[in-house]
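Asks: Protein chains in written order, with the working numbering: chain A, 1 to 302; chain B, 303 to 604; chain C, 605 to 906; chain D, 907 to 1208.
By construction, these hints were calculated from the structure, which means they are not laboratory data.
Hints are not guaranteed to be accurate.
Stated by the list, open to error - Partner residues aside, some chain B positions facing chain C, computed with beta carbon under 10 Å:
(1) Ala475
(2) Pro579
(3) Gly580
To be verified - In the EDC-like style, the derived pairs of lysine to aspartate or glutamate whose C-alpha atoms are separated by at most 20 Å in a straight line are:
(4) Lys583(B) with Glu311(B)
(5) Lys234(A) with Glu311(B)
(6) Lys1116(D) with Asp755(C)
(7) Lys58(A) with Glu798(C)
(8) Lys1140(D) with Glu798(C)
(9) Lys360(B) with Asp1151(D)
(10) Lys638(C) with Asp671(C)
(11) Lys280(A) with Glu83(A)
(12) Lys280(A) with Asp1151(D)
(13) Lys267(A) with Glu694(C)
(14) Lys236(A) with Asp453(B)
(15) Lys727(C) with Glu694(C)
(16) Lys871(C) with Glu137(A)
(17) Lys297(A) with Glu9(A)
(18) Lys536(B) with Glu137(A)
(19) Lys1173(D) with Asp453(B)
Just so you know, even glycine gets a beta-carbon here, dropped at the ideal spot from N, CA and C.
Protein chains: 4
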Amino acid sequence: MELNGVVIEDTFAEGFSIWVSRVLITAATERLAKAAATEATGFACSVIMCPAEAGIEKYVSPMETPDGRPGYIIEICHPKKAELEHQLLERIGQCVLTAPTTAVFDAMGEDATEQLKVGFKLKFFGDGYEKKVNCEECGKTLYSVPIMGGDFLIEGNFGIKKGVAGGNFFIMAENNTAALVAAEVAVDAISMVEKTITPFTGGIVASGSKVGYTNPKYSFMAATTNEKMCPTLKGKVEGSEIPEDVNGVYEIVIDGVDEASVKAAMKAGISAAVKIPGVKKITAGNYGGKLGPFQMKLQELF
Amino acid sequence: MELNGVVIEDTFAEGFSIWVSRVLITAATERLAKAAATEATGFACSVIMCPAEAGIEKYVSPMETPDGRPGYIIEICHPKKAELEHQLLERIGQCVLTAPTTAVFDAMGEDATEQLKVGFKLKFFGDGYEKKVNCEECGKTLYSVPIMGGDFLIEGNFGIKKGVAGGNFFIMAENNTAALVAAEVAVDAISMVEKTITPFTGGIVASGSKVGYTNPKYSFMAATTNEKMCPTLKGKVEGSEIPEDVNGVYEIVIDGVDEASVKAAMKAGISAAVKIPGVKKITAGNYGGKLGPFQMKLQELF
Amino acid sequence: MELNGVVIEDTFAEGFSIWVSRVLITAATERLAKAAATEATGFACSVIMCPAEAGIEKYVSPMETPDGRPGYIIEICHPKKAELEHQLLERIGQCVLTAPTTAVFDAMGEDATEQLKVGFKLKFFGDGYEKKVNCEECGKTLYSVPIMGGDFLIEGNFGIKKGVAGGNFFIMAENNTAALVAAEVAVDAISMVEKTITPFTGGIVASGSKVGYTNPKYSFMAATTNEKMCPTLKGKVEGSEIPEDVNGVYEIVIDGVDEASVKAAMKAGISAAVKIPGVKKITAGNYGGKLGPFQMKLQELF
Amino acid sequence: MELNGVVIEDTFAEGFSIWVSRVLITAATERLAKAAATEATGFACSVIMCPAEAGIEKYVSPMETPDGRPGYIIEICHPKKAELEHQLLERIGQCVLTAPTTAVFDAMGEDATEQLKVGFKLKFFGDGYEKKVNCEECGKTLYSVPIMGGDFLIEGNFGIKKGVAGGNFFIMAENNTAALVAAEVAVDAISMVEKTITPFTGGIVASGSKVGYTNPKYSFMAATTNEKMCPTLKGKVEGSEIPEDVNGVYEIVIDGVDEASVKAAMKAGISAAVKIPGVKKITAGNYGGKLGPFQMKLQELF
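In isolation and in its complexed conformation, chain A is listed as follows (with noise of 0.2 Å):
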């Protein structure tokens, strides 16, 4: 199958099931707020070794926020339950909390399972100080706590449910540059889709793993690069899947609430990418599908 020119290969990409959370911080002004949603996604690339899998979903505007006031919607994810309410604690007690003019919001609303006592748990803050109170324009009760700021409103729960993390596809082009321009729009793309992220720095992935390794002297090793898809040792190794006209080669990594979400970012990365001159094939990430429940076909996006 061919989309603009571009081969979209026959395959899958594998994906996990990871508990998410849907979180609205609001400031005063939309700067404001994105700087509290960056600084709290940080750090946050994959649970390899981050402590979290996060990312900002997307901007809402005064007119469609509880406060009237500008915001942004960001995911925090993590594979376990307990270490998610401690990730939203402390990324929200640090990062959000201690910012200038925050006011932080449930946003997984109907879609939640269950609810984490967030803002119930982080008005201990205010040493008795804090207190209740009715949002009338939005219709909630918050947590209001007196900081030198003013006071950070809070709600008191936090839904989260089971979501879908390690949604891929990579993107093969004739040199490093194209693959990084159409990686880039892939990027820019899928930030309009709802309810998903793109954990990884700038939401693209520069270097991809295999589980384990095949140098015995790195057996200490639990992941290592994955030399197959390595565009400088294509010729060098053997088995490598780098194609003989492609020289550059990113993988986007999408989380999401849902597979229908996840599957909607990567149509819409996939269909951005292959815009871009030099692409020359699209592909995905599984292993076999063994471990994942979850299987996203490319040619089933289209």
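Based on the hints, put chains B, C and D in the right spot on chain A.
Replies: Same frame as chain A, now just chains B, C and D:
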């Protein structure tokens, strides 16, 4: 003492010792370098609940970097040396190695008192396909690890030293927005001071803490809001430190490679903040000199 | 009338008729599209001394553009039709055709009452090497002009219509920074309202004018500062319109495709501005209804 | 000659004389200064069809500006002195005086050979309410004009001199995206070179022109596309200058205060561009030395 009509209180910021690393991230473009630097220094406001304190120190032009590409110097700090190494491995390994076109160099140079084998350890990701390469133009030996996006380059050792955490000053203004704009411009000014970072979100701290609690029902809390610094509690709590004409307060927290740099940053930040109409007073936070070895007196900065 | 404790004055904004064009610029990436849109709409605050009024209306995701690439819609406005065509030729010809990877589409669509042959004329730059091409995915006929960066694509005709200039409101606050932050968030909010732009620098106007002069020595001036709206002249000039408790004033000026859009923008902007602590009053500018055909009453917006 | 494996052609960029002004815009925050600088330098790629050539030269930290606030230096250029004064009055009067919290200073200093009374003329906007003020901290006499946002400050005279326009080089790469990323990083590098600007959109030029036309039906055109530099016409036009292995070309155009600065910018830009994989050749544009007095030879830069 007054500066531009603003009271500079006769007090001092109390600083603590912290292990500091200084890392240069270069990339094909300025934007790519900044994206990696931002992700690697996220979730790093305060070691109270974040796994590190970190921030972007400065931009380095292609004419000044070892590989002739644009870059950013970041600082990552932790009170414990072993934990700092752990953070460097995780943050560089997950947020920089995985980001497009990056290379990573030690930027502590001769200021270092000890070396951590960060690049030496990360290179094992190469599964034996990595190589030692001589960077002729920069006179350094680097590890080259093949990845999808090309070859990731990193120095073997990264220098660290005992630096200073907790440099700080408070901006008090007649209302919240005046304090906020003053805090923003203070951070702008500090961003030009070498060897220092402002680790909080956008460099600004909106919530002040006290050790422990006053409300006996909250005895499980190690730290709670400093009610004496809350404008909305002025007149409601005993011993409020908020002057009559002040309704907005923000703090700037500074970490740095040495005390002189932190003092220079405090001076630059205060000098910029007092230019903003509505700013009334600059003060600083300390524990009476009982806890931290560094006493940075505000009035002596000028 | 009060909104969130802020007085909404019983007055109206007086709007004028202006020719409006609406142009979609797409590019390989969001950043490239934005750079071209920014350059093409620069030096375009007010037709008093700028050659046009122009601004970025909104981002359009790759999923919604004719060529599946990210884009921005800009509006370029001028009271005279012939001059508007001139501005379109110059701004698209010099700031967009010359910018990397761009394509340009009409975005006025069915709202248009007349058509200008902008693309038809710009295509002559191709020196006979240009071609007519059918854009299959978008069902449009485009001109394709070969340039260094590839082929520049542009539609032949661009629709225009008589729209509304001079939508406005003034934000009065207890100090300058509160007014400024309120103005910033008002512009943030308006940026989400379709078919409108805020043509001044960052959308905010810091200086108000009156027609003519009061000082007889300045009789050569067609317009001078409106001293009654200057906080620093409060108490020094007769008839100052600055309330006792106000020390900062900014205006938001809005142009749009039709009156309904301009009113929606005014409503969105005012709703956001009154959320900022320290804002005291919202008013609007008019000439008693003598000059402009549109009277947009503030209180009727709500 | 080769640099990093990229051919540096034995040719020269031909520069022209142009009147240059150098203006410092400061504001309360870095963002506000940048917004004003951006608006004032928009619609200013080339005097062929734009009313000026202009761009942002560099950021100036609060520690280095006359008023201790952050600022940006812009350059505005025009071949005719009277037209340059006109542009300064319009661009400062409409895009900077009207922008929040700005002040404007001469930044040409001792390089100037003549002075334009820009501030002296703009101050009449004050209608007699303006004042001369002594800026004690900067040792300058300024005009203070009351406006809604406070008092606008501006120096009386702005220095100008004959500088150099048309510094340039072309980046030829194996595909469009490689040329584009190389162009972007070249502009990044040049942005650190004092006294120079890159006036086109994002600093990059996507379309090359030739004087006149080749198609006799287009004899009304003064300039048309340079078909010999169009990759999509390679093999279709006589005398194509696009090498076999090149499919993407972008040009960087540089204006500056003097020839040495323009050469330094060319060197910085080329040095950065050749680092990008896929770049094949650097060349430059000239008219055989017949038109412009400056011949900047590429190979002599290194």
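Asks: Does the alpha-carbon distance linking Lys1140(D) and Glu798(C) stay inside the 20 Å limit?
Replies: Status violated; Cα separation ~42 Å.
Asks: Going straight from one Cα to the other, do Lys360(B) and Asp1151(D) come out at no more than 20 Å?
Replies: 38 Å, violated
Asks: Using Cβ atoms only, decide whether Gly580(B) comes closer than 10 Å to chain C, and label the hint accordingly.
Replies: Where the cut-off is 10 Å and the nearest Cβ of chain C is about 5 Å from Gly580(B), the hint holds.
Asks: Does the structure keep Lys280(A) and Glu83(A) at a Cα separation of 20 Å or less?
Replies: Violated, at about 40 Å.
Asks: Hint check: Lys583(B) vs Glu311(B), CA-CA at most 20 Å. Holds or violated?
Replies: Status holds; Cα separation ~7 Å.
Asks: Need the status of pair Lys58(A), Glu798(C): alpha-carbon distance at most 20 Å?
Replies: Judged against 20 Å, a Cα distance of about 18 Å means the pair holds.
Asks: So if I understand the rule, the pair passes when the alpha-carbon distance is 20 Å or less; does Lys267(A) with Glu694(C) pass?
Replies: Distance ~38 Å between Lys267(A) and Glu694(C) Cα, so the pair is violated.
Asks: If you draw a straight line from the CA of Lys280(A) to the CA of Asp1151(D), is it 20 Å or shorter?
Replies: 18 Å, holds
Asks: Does Lys1116(D) pair with Asp755(C) here, judged by a C-alpha cut-off of 20 Å?
Replies: Holds - the C-alpha atoms of Asp755(C) and Lys1116(D) are around 17 Å apart, at most 20 Å.
Asks: Quickly compare the C-alpha distance for Lys727(C) and Glu694(C) to 20 Å and report which way the hint goes.
Replies: Satisfied, since the Cα-Cα distance of roughly 13 Å is no more than 20 Å.
Asks: Given the proposed pairing of Lys297(A) with Glu9(A), does the C-alpha separation stay at or below 20 Å?
Replies: The given pair, whose Cα atoms are some 9 Å apart, holds under the 20 Å limit.
Asks: Between Lys1173(D) and Asp453(B), does the CA-CA distance stay at or below 20 Å?
Replies: 27 Å, violated
Checked against the numbered hints listed earlier, the structure breaks hints 5, 8, 9, 11, 13, 18, 19; every other hint is satisfied.
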